[in-house]
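Listed below are the residues making up each chain.
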Amino acid sequence: MLFQTDLRYIGMGTINSFLIFLFGIYIIKWFLKKKNTANTKVWDISFNKNIRLSLIWLIFNLLISVSFSFFINNVIVYLLTQLCVSIVSDIFIGAIIVQKLFSKHLVESFKFVFSIQLILFGISIILGFLLIITFGYIFPEISDVLLFIIEFGLLSTIFITALSLIMGIVLGLTLAIMRLYAGKELYWLASGYEKLFRGIPLLVLIFIFSAGLPGIFWYLEPLDRLLASVILALGIRSGAYQSQIFRGAILSVNRGQLEAAQSIGMNKMQSFRYIVLPQAFRIAMPGWSNEYAVVIKDSSFAGAIGTFEMTLVATIWGYRSVELFTLSMGVVAIVYFLFTFPVTQLFGQQQVKKLKKLGMGGG
Amino acid sequence: MVEPLLRVSDVSKSYDELQVLKDVSFDLLERDVKVIFGPSGSGKSTLLRCINMLNPPDKGKIFLRGNNITAPKVDLNTIRTRIGMVFQHFNLFAHLKAIDNVSIGLRRVKGLKKQEAYEKAFKALDRVKLTEWADHYPAQLSGGQQQRVGIARALAMEPDLILFDEPTSALDPELIGEVLQVMLDLAKAGTTMLVVTHEMGFARAVASELLFIDKGIIIERGTPEHFSVSPTSDRVKQFLQQLDVLYGSHEKLLDILDEEEKI
Ligand SMILES: Nc1ncnc2c1ncn2[C@@H]1O[C@H](COP(=O)(O)OP(=O)(O)OP(=O)(O)O)[C@@H](O)[C@H]1O
Ligand SMILES: [Mg+2]
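First to last, the sequence lines map onto chains L and E.
Residue numbers for the first sequence follow numbering that gives the first Met the number 0, beginning at 0 and rising by one.
Residue numbers for the second sequence follow numbering that gives the first Met the number 0, beginning at 0 and rising by one.
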C-alpha cells in the first residue's frame, strides 16, 4: 500500500489543517477589523496580504499531512505529529504576518499569535477526535463510501472537469474574438458553432465522439478513448457557452478606455492585451464559475459510457443493496456540492462585489 | 519665422452625409495655449480626434513639428505618444491603480523598466498633486481626482502637446477648481496645450488665442480681450451671453484662484 496510515486519517489530518486555517483567518480578520475601523485602506491591503499568506500556509499544512502518512503508521502518533507541525508552522507564519502588518516587535507579535494558536490547538484536538469518533466508529459506512468515491472517482472527475474547462476557455476565447474582431466569414463560422453545439444534448455528443466516431482517438488505449471523447464533448460544448461569456465581458469594457489606450500610443494588440483582456477576465469570472459548476456536474455523464468518475463509482458501490444505493448517492451528492458551492461563492458572489467596487462591467 | 509645433491646414471631416469640419486651419506654437469653444455639436471633439488621428480627417493636412502626420504610412502609434489627450469622461483604466494608469504607457509603449516607469509616473502624479492617492483605483477617486490622474497619464508620456476635450464639463461645480488649477500650473510651466473648454476665466488667464467654432467652421478668432471687449459676429455675442448665465459663477472661482497667486 502506498500510504502507511489509513487514508481515512489522512483525511482527518487534512480536515484538521483546514480548520486551523479557517479559524486562524477569521481570528486575524476580526483582530484587524478591531484595529482599523477608521482606516479602510490599510484594512483592504492587509486583508489581501493575509489571505495570500494564509493560503500558502494552508498548502504547506496539507503537504505536511500527506507526506507524514508515508512513514507514520500509528494513527494517534500521526495525528499528533501532524497537528504539532502545523501548529508550529502556523505560529511561525502567523507571527510574521502580524509583525509585517503592524510593524510590531517580533516577540510581541509572536506572543499574540501564540496565544491564539494555543486556543486553536485545544479546539482542533477536540474536533479531530470528534471527527474520528463520528466517522470511524458511529457511521463507518459513510466514511467507507466517501473513501471509495474519493479513491477511485474524485481524481478522474477533477481531471475531466479541468481539461474540459481549459479546452472550453481556449475555444471560447477564440470564438469570442472571431465574432468581435474578425471578418464576416469567421463571424458566421463562430456563431454557427455556438448555435450548433448549444442545440445538441451532451449525452448525444458524448455518444457521437465515443461510439459514433470510434476512429478519432485511434492512437489511445480503448479506455482512454472513452475518457478523451467525454472531455472532447464537454470541452466543445463548454466552448460554445464560454464564447458568450467572454464576448459579453469584452464588450462591457467601455470604448473610452480603448481610445485612451490608443491615445497613449498603444496599438490594437497592446490595448487588447493590457486593457481589455485583464478586465474581461475579471468580468467573466462570475459567469465562468457558473460554467465550472455546470461542467463538473455534467462530467457525471462520463459514467454513462463506462468511464470511471465519482458518479459511476458511487453507483457501483450502491448496487449491492438498496440502502447502500441511497447512502452512496447521498454522499456523492454532498461531494459534488462541496466542490461546486465554494467555487461559485468565491468567484461568483465575491467577484461581483469586487467588480462593483472597481466600477467594472457596467455595474 | 518659427516653425509651429502643430499646424492644422484645411482640415475637413464628414460622417456620412453630415459635414462636421469644414476647412479648419490654425497654428499652435511651442509653449502656447489655445482655447477652442463653441456650441454643442459644432465639431470641437471631432477636431481634437482628427489631430491625434483617432478619426483621421477626410481632407487637409496636419503637421507636427513640420512632419505631415496625415500622410499615408505614418506610424500613428508613435505619433500618438507625442500627442497627449485628456477626455471629458476621464476614460481611466478601471482595473489599474492610479499609479499604474499613469505608468502603463511608459512600460508597455515606451518599454521602460517597472522601477523607472514608476518613478516617472510618480513625478507626473506629483504635478497633479495626487501622490497620496497613487494606490487607489479610479472608482475610489472623486471625479476631480480622476481627471487629474487622466492629466498625469498624458503628462507622463512627455508629449509635445496635450489636447484637452472639455476636461471639466463632467465634473460637479466644486471639483472644477482643482482641475483648472492643475491646468493653469501646467500652462505656466510651458506645456503646449489645445483646450476645448467653456471656462472663460481659464482662457483669459493663459490662452494666447481663442477659436470660436460653429457648425465646423472657425467663425471668429482672437485674444481673450478681443472676445470680452469687442466680439464681431452676432453668433459669438449670443453664445457668450449664454455662457455668462451658465458659467458666471465658475469665473469668479478662477478670479479667486488668480488673486491667491498674486498674494
Ligand atoms: N462617430 C460618429 N458618427 C457619426 N456622427 C458623429 C460621430 N461623432 C460625432 N458625430 C456628429 O458630429 C457632430 C460633431 O460632434 P462633436 O462631438 O465633434 O461635437 P462637439 O462640438 O464636441 O459637441 P459637444 O460640445 O456636445 O461635445 C455631431 O453632430 C455628432 O452627432
Ligand atoms: Mg465634445
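Just so you know, not all the hints are guaranteed correct.
Chain E regions said to be covered by chain L (calculated; three or more residues, Cβ under 8 Å) [unchecked claim]: (1) 99-108; (2) 188-202.
Which residues of chain L face chain E? A partial, calculated answer using Cβ under 7 Å [unchecked claim]: (3) Ile-149; (4) Leu-154; (5) Ser-155; (6) Gly-255; (7) Gln-256; (8) Phe-271; (9) Pro-277; (10) Ser-320; (11) Pro-341; (12) Gln-344; (13) Gly-347.
Source of the hints: derived by calculation from the structure; they are not laboratory data.
Note that CB positions come from ideal geometry on N, CA and C, so glycine has one too.
(request) Against the structure, test the hints numbered earlier, and report the numbers of the ones violated in rising order. (result) 2, 3, 4, 5, 8, 10, 11, 12, 13
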